[in-house]
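S.K.: Model the full structure from these sequences, guided by the hints.
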Amino acid sequence: MRRFGFGSWGRKERRGHFVKEDFYSMARAIPGKKYKIIKIDGGCRLNSRLCAMGFMPGEIFYVSGASMGGPLCIMVKGTKFAIGRGMAQRIHIKEA
Amino acid sequence: MAVRKITVALSGNPNSGKTTIFNNLTGLRQHVGNYPGVTVEKKTGMMDYKGYRINIVDLPGIYSITAYSLEEIVTRNYIVDEKPDIVIDVVDSSNLERNLYLAAQLMELEVSLILAFNMTDIVKKSGKKIDINLLSELLGVSIVEMVGSRGLGSKELLEAVIGEVNRKKKKKVEIKYGEEVENEIEKIVAILKKQEVPTFNFDRKWIAVKLLEQDREIIDTIKKASGPKYLEVEQTVSSSINHLISILRDSPEVIIADARYGFIKGALLETYKEIGPEKLDRTEKIDRILTNRILGIPIFALIIWLMFQFVFTLGKYPAGWLGLGFEKLSILITNVVPQGLLRSLLVDGIIGGVGGVITFTPNIILLFFAIAVLEDSGYMARAAFVMDRIMHKIGLHGKSFIPLVIGFGCTVPAYMGSRILENKKDRLVTMHINTFMSCGARLPVYILFAGAFFPAIAGNVIFSIYFIGIIMAVIMAKILRTTRFRGESDPFVMELPAYRIPTLKGIMIHTWERAWMYVKKAGTIILAISILMWILFTFPMIGNNYSQDYKGKIEEIEQSYQSGEITCQEQEREVAAVEAEMAGERLAYSAAGRIGRFLEPGFKPLGFDWKMVVASISGVAAKEVIVSTMSTLYSIQGTDKGADSLKTALNEHYPPLVGYNFMLFTLLYFPCMAAMVIFKKEAGTKEMLFQMGYTLLLAWTVSFLVFQIGRIFI
Numbered sequence: 001m002r003r004f005g006f007g008s009w010g011r012k013e014r015r016g017h018f019v020k021e022d023f024y025s026m027a028r029a030i031p032g033k034k035y036k037i038i039k040i041d042g043g044c045r046l047n048s049r050l051c052a053m054g055f056m057p058g059e060i061f062y063v064s065g066a067s068m069g070g071p072l073c074i075m076v077k078g079t080k081f082a083i084g085r086g087m088a089q090r091i092h093i094k095e096a
Numbered sequence: 001m002a003v004r005k006i007t008v009a010l011s012g013n014p015n016s017g018k019t020t021i022f023n024n025l026t027g028l029r030q031h032v033g034n035y036p037g038v039t040v041e042k043k044t045g046m047m048d049y050k051g052y053r054i055n056i057v058d059l060p061g062i063y064s065i066t067a068y069s070l071e072e073i074v075t076r077n078y079i080v081d082e083k084p085d086i087v088i089d090v091v092d093s094s095n096l097e098r099n100l101y102l103a104a105q106l107m108e109l110e111v112s113l114i115l116a117f118n119m120t121d122i123v124k125k126s127g128k129k130i131d132i133n134l135l136s137e138l139l140g141v142s143i144v145e146m147v148g149s150r151g152l153g154s155k156e157l158l159e160a161v162i163g164e165v166n167r168k169k170k171k172k173v174e175i176k177y178g179e180e181v182e183n184e185i186e187k188i189v190a191i192l193k194k195q196e197v198p199t200f201n202f203d204r205k206w207i208a209v210k211l212l213e214q215d216r217e218i219i220d221t222i223k224k225a226s227g228p229k230y231l232e233v234e235q236t237v238s239s240s241i242n243h244l245i246s247i248l249r250d251s252p253e254v255i256i257a258d259a260r261y262g263f264i265k266g267a268l269l270e271t272y273k274e275i276g277p278e279k280l281d282r283t284e285k286i287d288r289i290l291t292n293r294i295l296g297i298p299i300f301a302l303i304i305w306l307m308f309q310f311v312f313t314l315g316k317y318p319a320g321w322l323g324l325g326f327e328k329l330s331i332l333i334t335n336v337v338p339q340g341l342l343r344s345l346l347v348d349g350i351i352g353g354v355g356g357v358i359t360f361t362p363n364i365i366l367l368f369f370a371i372a373v374l375e376d377s378g379y380m381a382r383a384a385f386v387m388d389r390i391m392h393k394i395g396l397h398g399k400s401f402i403p404l405v406i407g408f409g410c411t412v413p414a415y416m417g418s419r420i421l422e423n424k425k426d427r428l429v430t431m432h433i434n435t436f437m438s439c440g441a442r443l444p445v446y447i448l449f450a451g452a453f454f455p456a457i458a459g460n461v462i463f464s465i466y467f468i469g470i471i472m473a474v475i476m477a478k479i480l481r482t483t484r485f486r487g488e489s490d491p492f493v494m495e496l497p498a499y500r501i502p503t504l505k506g507i508m509i510h511t512w513e514r515a516w517m518y519v520k521k522a523g524t525i526i527l528a529i530s531i532l533m534w535i536l537f538t539f540p541m542i543g544n545n546y547s548q549d550y551k552g553k554i555e556e557i558e559q560s561y562q563s564g565e566i567t568c569q570e571q572e573r574e575v576a577a578v579e580a581e582m583a584g585e586r587l588a589y590s591a592a593g594r595i596g597r598f599l600e601p602g603f604k605p606l607g608f609d610w611k612m613v614v615a616s617i618s619g620v621a622a623k624e625v626i627v628s629t630m631s632t633l634y635s636i637q638g639t640d641k642g643a644d645s646l647k648t649a650l651n652e653h654y655p656p657l658v659g660y661n662f663m664l665f666t667l668l669y670f671p672c673m674a675a676m677v678i679f680k681k682e683a684g685t686k687e688m689l690f691q692m693g694y695t696l697l698l699a700w701t702v703s704f705l706v707f708q709i710g711r712i713f714i
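Chains as they are written, first to last, in our numbering: chain Z, 1 to 96; chain E, 1 to 714.
Hint data in this document are derived by calculation from the structure and do not stem from the laboratory.
Remember, predicted model here, so these are calculated numbers, not experimental data.
Heads up, the beta-carbon is just placed ideally off N, CA and C, and yes, glycines get one too.
A couple of the hints might just be wrong.
Some chain Z residues flagged as far from chain E (calculated, every beta-carbon gap over 10 angstroms) [stated by the list, open to error]: (1) Tyr24; (2) Ala27; (3) Lys33; (4) Glu95.
With a straight-line cut-off of 20 angstroms between C-alpha atoms, the simulated SDA-like cross-links for lysine to any residue are [to be verified]: (5) E/Lys194 - E/Glu232; (6) E/Lys425 - E/Lys686; (7) E/Lys5 - E/Ala160; (8) E/Lys176 - Z/Pro57; (9) E/Lys505 - E/Met517; (10) Z/Lys77 - E/Glu284; (11) Z/Lys39 - E/Ala259; (12) Z/Lys39 - E/Leu248; (13) Z/Lys34 - E/Lys285; (14) E/Lys425 - E/Tyr694; (15) Z/Lys77 - E/Thr271; (16) E/Lys125 - Z/Gly78; (17) E/Lys285 - E/Ile299; (18) E/Lys551 - E/Cys568; (19) Z/Lys39 - Z/Met75; (20) E/Lys193 - E/Lys205; (21) E/Lys205 - E/Asn77; (22) Z/Lys33 - E/Asn292; (23) Z/Lys34 - E/Glu284; (24) E/Lys265 - Z/Pro57; (25) E/Lys285 - Z/Gly78; (26) Z/Lys36 - E/Glu97; (27) E/Lys285 - Z/Met75; (28) E/Lys551 - E/Gln339; (29) E/Lys176 - E/Val111; (30) E/Lys194 - E/Ile219; (31) E/Lys553 - E/Glu579; (32) E/Lys265 - Z/Gly58.
M.R.: So this is what it looks like as structure tokens:
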């Protein structure tokens, strides 16, 4: 699960390509704030699924809650979703 | 007038109110089954309208028809293979953009589509406006406004269905994926044509889109059917994908999804007016409390506790009445049917077995009522959210917690309750470990043995058994998750639907279906197993091969009563004692007794003798039967003092270590036949056999270790 996710992204971050642009993974989102989805890094199956649920690049979402170390609670396209940390790590976001 | 038959498939997003509309249309004329070969539920219903016989199929709730989940594949295959006359897509109107995504995919499949815009009351209340006529024009499909929760719009929907069936010329609105993608689609269509790749019932363009999206199911199907010819197709597709990634900087599936959303947004732009800014709605306010970091888990615990009380405390009364009813029935049969095999079969075999199972029905009804309320109100998703972190650690889903708790009451509803888990692996692991949540029927066994061997600390001993069960569940969940059920578990993304007040009708239908399925099982397969168990415990019959002359003994007692040496009570007691001894010998002589003796060497290393083995076999019928079998084997007559004299007998025959070990064995080996039958129904024969095999092995191993290691110290 982690193969495509945080690992490759982390490497890029270390090389410094994305750091300047303030991208980071959704797992680090803070409740009460709004963010924009930049990229989804889930492999084609998961990407299709997330797209169908409304998680599209460019979409603005709102983080309404989080349990410690557990799933995040976010609002996207008018619907609330609980999203696990592992999954959240594959979604790259930016503050909106 | 000839009746014209039409088939209508009902699809829609989860939480779009699809099931409510289905219930409104069909009422109780429903049939629940499974799609062939998979555990996805298939609901069908029938209705007559204006000379049409309309067969309605309720497809599973899905977000899209990619091949992400079993439900999605089932839906797609149904639509493509069965070709329903009409597909209705139920849409949550308060959330059009996301809900119309599925509609867009259905349009790609070129089905005769009708959109049912549900929950239009919420839209109106929030001050939004939808121009239905214009939207219908832009999308090229009929739209019907509905309020499913109040039963509005069903007639209009049926009218639309009939209108659509009779429509001669179909409108067709195509979704444009953008020039770059369209070019690649054309290339792939050309190669598909050139290679004469079989297209099954699909349109070539549709296949091309799916190949670009790298839909695993479609790729596999096409590959298999076209053999070596596929190689060139594969090359074209992968070069197209690389081309798209290089110029558009995103993978094709995202670009195509974006095009679909673009199509929807374009249509909504002119027809959908949103007034006022976003506001903190009711759902958000409730969630602030229910999914609160600190309060979330205590509230969850409280709700589960209430549910447990509701199911088992309230259910105790009707269950008691049913039990009493069966008792009365056996007395009636005892009075009417003469003593002999037939009476024994009716009373001990059938009423004892099936009656015991039917007695659980009130609990089952209440449980599914409670689950339906939790699900329809929207809380179930929150429960999973709250518990996910803890359950995740042992490789389970947040929702697994609910069936596990129910398991402390009874394993049967717990297995059925595992249905709330959509992911098959999560569901199977939850079911496989559920038996270690020690059910209520095992408690009498613990009370007997703990009372016999550890009277002073019985409570603590029983608690330790329950605790070991939980530990075993955690360990086995870990082991199963890393071996047999390994692999990518569903990444956790789950919709938290808006809170709603559930409709009584929906809950009633839901509860009824499950309860009926349970009763049906009791009447068929459990009846058969009960009779089989009875045969095992009755045949071969001992005839006159008793070791002592019991008949003579009874006659002696009768004589001494008549001569006035003993009182009436004394006579009754002594006769009962002799009869109990006879019953013990009969049981030892029966097939079950012989099996027990035959298996005894296998259980010697656990410290068990053949009587314990026989009792464990009888526990397959129902775990509490172990107690009554033990008393028969130790020739204890069923009086008030019976329990005490049985305790004394056990204490004389076994060391405390063996007593404890037997409790452990009872905890761990597979649950009763009613539970196993339900397991088979829910998960298939293979999984049921696995459950029986591995729990038996585990029970043996644990008891073996405890006895062998314990022996060194004691």
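S.K.: Look at each hint and say if it fits the structure.
M.R.: Hint-by-hint comparison with the structure:
For tyrosine 24 of chain Z, the condition that its CB be more than 10 angstroms from all CB atoms of chain E holds, with the nearest at approximately 19 angstroms. With a cut of 10 angstroms on Cβ distances, alanine 27 of chain Z stays outside the contact zone with chain E, its closest approach being about 12 angstroms. Non-interface status of lysine 33 of chain Z relative to chain E is upheld: no Cβ of that chain comes within 10 angstroms, the nearest being about 14 angstroms off. For glutamate 95 of chain Z, the shortest C-beta to C-beta distance to chain E comes to about 18 angstroms, beyond the 10 angstroms cut-off, and the non-interface label holds.
Between lysine 194 of chain E and glutamate 232 of chain E the alpha-carbon distance is near 10 angstroms, which keeps this suggested pair within the 20 angstroms criterion. Between lysine 425 of chain E and lysine 686 of chain E, the direct Cα distance comes to roughly 14 angstroms. Compliance with the 20 angstroms bound is thereby established for this hinted pair. For the hint pairing lysine 5 of chain E with alanine 160 of chain E, the CA-to-CA distance comes to about 16 angstroms; that is within 20 angstroms, so the pair holds. With a C-alpha separation of about 19 angstroms, the suggested pair lysine 176 of chain E and proline 57 of chain Z falls inside the 20 angstroms cut-off, and the hint holds.
For the hint pairing lysine 505 of chain E with methionine 517 of chain E, the CA-to-CA distance comes to about 18 angstroms; that is within 20 angstroms, so the pair holds. With a C-alpha separation of about 15 angstroms, the suggested pairing of lysine 77 of chain Z with glutamate 284 of chain E holds against the 20 angstroms cut-off. For the hint pairing lysine 39 of chain Z with alanine 259 of chain E, the CA-to-CA distance comes to about 16 angstroms; that is within 20 angstroms, so the pair holds. Among the hinted pairs, lysine 39 of chain Z with leucine 248 of chain E is consistent with the structure: their alpha-carbon atoms are about 13 angstroms apart, no more than 20 angstroms.
Proximity of lysine 34 of chain Z to lysine 285 of chain E is assessed by CA-CA distance (about 18 angstroms); at most 20 angstroms being required, the pair is judged to hold. Using a Cα cut-off of 20 angstroms, the hinted pair lysine 425 of chain E and tyrosine 694 of chain E holds, with the two alpha carbons roughly 17 angstroms apart. Our distance criterion of 20 angstroms between C-alpha atoms is met by lysine 77 of chain Z and threonine 271 of chain E, whose separation comes to about 17 angstroms. Taken as a hint, the lysine 125 of chain E and glycine 78 of chain Z pair is honoured in the structure, with Cα atoms around 16 angstroms apart against an allowance of 20 angstroms.
Restraint check: the Cα-Cα separation between lysine 285 of chain E and isoleucine 299 of chain E comes to about 15 angstroms, which is no more than 20 angstroms; the hinted pair holds. Taken as a hint, the lysine 551 of chain E and cysteine 568 of chain E pair is honoured in the structure, with Cα atoms around 19 angstroms apart against an allowance of 20 angstroms. Between the alpha carbons of lysine 39 of chain Z and methionine 75 of chain Z the distance comes to roughly 17 angstroms, so the proposed pair stays at or under 20 angstroms and holds. Of the pairs offered as hints, the one joining lysine 193 of chain E and lysine 205 of chain E holds, with about 11 angstroms between alpha carbons and a cut-off of 20 angstroms not exceeded.
The hinted pair formed by lysine 205 of chain E and asparagine 77 of chain E meets the criterion: a straight-line CA distance of about 18 angstroms does not exceed 20 angstroms. In summary, the hint linking lysine 33 of chain Z to asparagine 292 of chain E is supported, as the alpha carbons are separated by about 17 angstroms, within the 20 angstroms threshold. Of the pairs offered as hints, the one joining lysine 34 of chain Z and glutamate 284 of chain E holds, with about 16 angstroms between alpha carbons and a cut-off of 20 angstroms not exceeded. A hinted pair counts as satisfied when its Cα atoms are at most 20 angstroms apart, and lysine 265 of chain E with proline 57 of chain Z qualifies at roughly 15 angstroms.
Note on lysine 285 of chain E and glycine 78 of chain Z: the hinted pairing holds, with a Cα-Cα distance of about 15 angstroms set against a maximum of 20 angstroms. Distance restraint check for lysine 36 of chain Z and glutamate 97 of chain E: the Cα-Cα separation of roughly 18 angstroms lies within the 20 angstroms cut-off, and the hinted pair is therefore satisfied. Distance restraint check for lysine 285 of chain E and methionine 75 of chain Z: the Cα-Cα separation of roughly 14 angstroms lies within the 20 angstroms cut-off, and the hinted pair is therefore satisfied. Straight-line distance between C-alpha atoms of lysine 551 of chain E and glutamine 339 of chain E comes to about 17 angstroms, which keeps the hinted pair within the 20 angstroms bound.
A hinted pair counts as satisfied when its Cα atoms are at most 20 angstroms apart, and lysine 176 of chain E with valine 111 of chain E qualifies at roughly 18 angstroms. For the hint linking lysine 194 of chain E to isoleucine 219 of chain E, the alpha-carbon distance of about 17 angstroms falls within 20 angstroms, and the restraint holds. For the hint pairing lysine 553 of chain E with glutamate 579 of chain E, the CA-to-CA distance comes to about 10 angstroms; that is within 20 angstroms, so the pair holds. With a C-alpha separation of about 14 angstroms, the suggested pairing of lysine 265 of chain E with glycine 58 of chain Z holds against the 20 angstroms cut-off.
In the structure shown, no violation is registered for any of the earlier numbered hints.
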